[in-house]
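**Student:** Each chain, written out:
Number of protein chains: 2
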Amino acid sequence: MKKKIRAVQYGVGPIGAAIVRLMREKKSIEIIGAIDTDPAKAGRDLGEVAGAADAPWGVKVTDDAAAMLAESADVVIHSTSTLLPSVMDQLMACLAAESCVVSTCEELAYPFRKYPKLVTQLDAEAKTWGVALIGTGVNPGFVMDKLLITLSAASQQIESARAIRIVDASKRRLPLQKKVGAGMTVEEFRAQVAAGGIKHHGLPESVAMVSDALGLDVDVITESIEPVVARERLTTPFLEVEAGQVAGVFQIARGLAGGEEKIYMELQMYAGATEPGDTAEITGNPTLTLTIPGGTHGDMATAAVVVNCIPAILDAPAGLRTSRDLPMCFLPPGARP
Amino acid sequence: MKKKIRAVQYGVGPIGAAIVRLMREKKSIEIIGAIDTDPAKAGRDLGEVAGAADAPWGVKVTDDAAAMLAESADVVIHSTSTLLPSVMDQLMACLAAESCVVSTCEELAYPFRKYPKLVTQLDAEAKTWGVALIGTGVNPGFVMDKLLITLSAASQQIESARAIRIVDASKRRLPLQKKVGAGMTVEEFRAQVAAGGIKHHGLPESVAMVSDALGLDVDVITESIEPVVARERLTTPFLEVEAGQVAGVFQIARGLAGGEEKIYMELQMYAGATEPGDTAEITGNPTLTLTIPGGTHGDMATAAVVVNCIPAILDAPAGLRTSRDLPMCFLPPGARP
Chain E
1 MKKKIRAVQY GVGPIGAAIV RLMREKKSIE IIGAIDTDPA KAGRDLGEVA
51 GAADAPWGVK VTDDAAAMLA ESADVVIHST STLLPSVMDQ LMACLAAESC
101 VVSTCEELAY PFRKYPKLVT QLDAEAKTWG VALIGTGVNP GFVMDKLLIT
151 LSAASQQIES ARAIRIVDAS KRRLPLQKKV GAGMTVEEFR AQVAAGGIKH
201 HGLPESVAMV SDALGLDVDV ITESIEPVVA RERLTTPFLE VEAGQVAGVF
251 QIARGLAGGE EKIYMELQMY AGATEPGDTA EITGNPTLTL TIPGGTHGDM
301 ATAAVVVNCI PAILDAPAGL RTSRDLPMCF LPPGARP
Chain Z
1001 MKKKIRAVQY GVGPIGAAIV RLMREKKSIE IIGAIDTDPA KAGRDLGEVA
1051 GAADAPWGVK VTDDAAAMLA ESADVVIHST STLLPSVMDQ LMACLAAESC
1101 VVSTCEELAY PFRKYPKLVT QLDAEAKTWG VALIGTGVNP GFVMDKLLIT
1151 LSAASQQIES ARAIRIVDAS KRRLPLQKKV GAGMTVEEFR AQVAAGGIKH
1201 HGLPESVAMV SDALGLDVDV ITESIEPVVA RERLTTPFLE VEAGQVAGVF
1251 QIARGLAGGE EKIYMELQMY AGATEPGDTA EITGNPTLTL TIPGGTHGDM
1301 ATAAVVVNCI PAILDAPAGL RTSRDLPMCF LPPGARP
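Each protein sequence line maps, in turn, to chains E and Z. No gaps in the numbering here: position 229 of the first sequence is 229 in our numbering, and each next residue is one more. No gaps in the numbering here: position 310 of the second sequence is 1310 in our numbering, and each next residue is one more.
Just so you know, these hints were derived from the structure itself, not from any lab. All values reported here derive from a predicted model rather than from experimental measurement. Among the hints, a few may not be true.
As the list claims (entries may be wrong) - Here are the simulated DSS-like pairs of lysine-lysine, each with C-alpha atoms no more than 30 Å apart in a straight line:
{"#": "1", "chain 1": "Z", "residue 1": "1114", "chain 2": "E", "residue 2": "27"}
{"#": "2", "chain 1": "Z", "residue 1": "1114", "chain 2": "Z", "residue 2": "1127"}
{"#": "3", "chain 1": "Z", "residue 1": "1127", "chain 2": "Z", "residue 2": "1003"}
{"#": "4", "chain 1": "E", "residue 1": "127", "chain 2": "Z", "residue 2": "1114"}
{"#": "5", "chain 1": "Z", "residue 1": "1003", "chain 2": "E", "residue 2": "2"}
{"#": "6", "chain 1": "E", "residue 1": "114", "chain 2": "Z", "residue 2": "1114"}
Claimed, not checked - Okay, the calculated beta carbon distance ranges per label pair:
{"#": "7", "chain 1": "E", "residue 1": "3", "chain 2": "Z", "residue 2": "1317", "range": "16 to 26 Å"}
{"#": "8", "chain 1": "E", "residue 1": "196", "chain 2": "Z", "residue 2": "1114", "range": "36 to 46 Å"}
{"#": "9", "chain 1": "Z", "residue 1": "1114", "chain 2": "E", "residue 2": "232", "range": "41 to 51 Å"}
Don't be surprised by glycine CBs; every beta carbon is placed ideally from N, CA and C.
Looking at chain E on its own, in the form it has when it is part of the complex:
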């Protein structure tokens, strides 16, 4: 019998907490530790920090990343931040510790256009140490790109692709509701957008991945973000939105080839969305549409995609991988190590 997969959690925010709770259910995984620099978390039991029903786990959260990484885990699950440049040092340290990495960093999901130099660095470092890394999650990583690419396997010829994701933010946690601007005035919203405080990241990464996979030769990717304004008063478990205030975001990313729109991605994430769901469509021969009525719950599905991806990244060739390359599947809780 093989040994269990030794995993370290890097970052124990809401997503990291969901990830460790899920890893805890998998017989093939042993969580050997966690890293978080928040003084309110460091030094405490990971199960308690993660709000697990079966806490304490006897596994500590530490703020000493170097010491933790020196344990050379088989895999580090990394969920600290959205922007790739801000996590480069963390990722490079994980790779140098000879650990594979699964990261929820949205910009790592498909960084080839925006960060070619960082890609070269990460890929080279991973190959030096014989490990693989991937950025993934539900979006980017699954619902607006991988599903579309999987669907494309049934296509004889493809002209264009669309993905539409509608999320009812009122059913999500407070940080997500704040991230989409719920409860703000339109002016506050626009100021926050300008300051970089409001935005779901990852749409251009999904557009780039889909363009490469489907051969759509996108040369320009555009992005827009607008407020969805509440028409009537809304109450969520966490906050209230008055009529005329912002309920959330309406984002569009487009991929153009020679000026022609080839890829359209639309993300609506607002409190009170009445028809949440995911839709992926390929126009071509044949035209194929796939829908997930109700949609895939963001936090829950991101934790699932990340944990389920662990065996695939351990099996993958060394280097930088993306969800485009790897077969996606479920890691059964009782699966033997």
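Here the structure of chain E is known, so what remains is to put chain Z in place on it, guided by the hints.
**Tutor:** For chain Z alone, kept in the frame of chain E given last:
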């Protein structure tokens, strides 16, 4: 620049013809020949046999399999028959010629339960020659198994799975309509079922693949097949079905674990089906449902899945592979070899 992928088509029936027409559109593939023992095809131009608009292609169909395979193509696309034992010699000959194989043989899609000895033989032979083989297509291979398995990547916990495929057989070719019994009396239908003449093969293979991928521990797989009886007169482009005659099949396969139903697959394939479509559902945390309204056209999608799979099988480790293992995607027509 790399050389083109040299492909041989083994079997030029309706599916083989659709496959070669599609391969012909891919710049990265060169069709070097085709094998068919039908005297009405052997010796003729492949483009003409396949009904291609741009025929002749200057590529011959031959009935001399050994001579054709001796050309050692990079990949043989094999579509001659449904039952694995009947094509073992053909598959072994392809592997011994050091060619990878993508086959539409339904029983090859996931043969581990029914044919463990043949699996051992095929896997060993493929490894001996350093090539990989796979059985795939739209069903089994994609719509009732791979899509479900891909969806499962967003699952935290899974209790059971369902796949329902409804096909309007009146829009399909005559052999398919005959295969589902359209136009027969119920008595003829039952006699044909008993004689093995009527049945869509592949449901137990999909059940087995999904059970293994989702960890559902299915120990018994059952199958049933019933006629769908026409309530009123139907006319298809190929035949007529009177009220009271059979319009097609209604097949169910179940996967049981310790007597409990864990997997349910239903295939309705009949002339006049009013709501064609594909549905895949995972019950668990969360429960996820995916639908393809209108469904995936069988012949067209099988040709697509097979041709799109070629790069993946050439890249795969030597041995017997399944669509569970490989990332599914599209092969862009203009992709460089």
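**Student:** Next, verify each hint and record whether it holds.
**Tutor:** Hint by hint, here is what the structure shows:
{"no.": "1", "hint": "Z:1114 x E:27", "verdict": "holds, 29 Å"}
{"no.": "2", "hint": "Z:1114 x Z:1127", "verdict": "holds, 21 Å"}
{"no.": "3", "hint": "Z:1127 x Z:1003", "verdict": "holds, 24 Å"}
{"no.": "4", "hint": "E:127 x Z:1114", "verdict": "violated, 40 Å"}
{"no.": "5", "hint": "Z:1003 x E:2", "verdict": "violated, 41 Å"}
{"no.": "6", "hint": "E:114 x Z:1114", "verdict": "violated, 49 Å"}
{"no.": "7", "hint": "E:3 x Z:1317: 16 to 26 Å", "verdict": "holds, 23 Å"}
{"no.": "8", "hint": "E:196 x Z:1114: 36 to 46 Å", "verdict": "violated, 57 Å"}
{"no.": "9", "hint": "Z:1114 x E:232: 41 to 51 Å", "verdict": "violated, 59 Å"}
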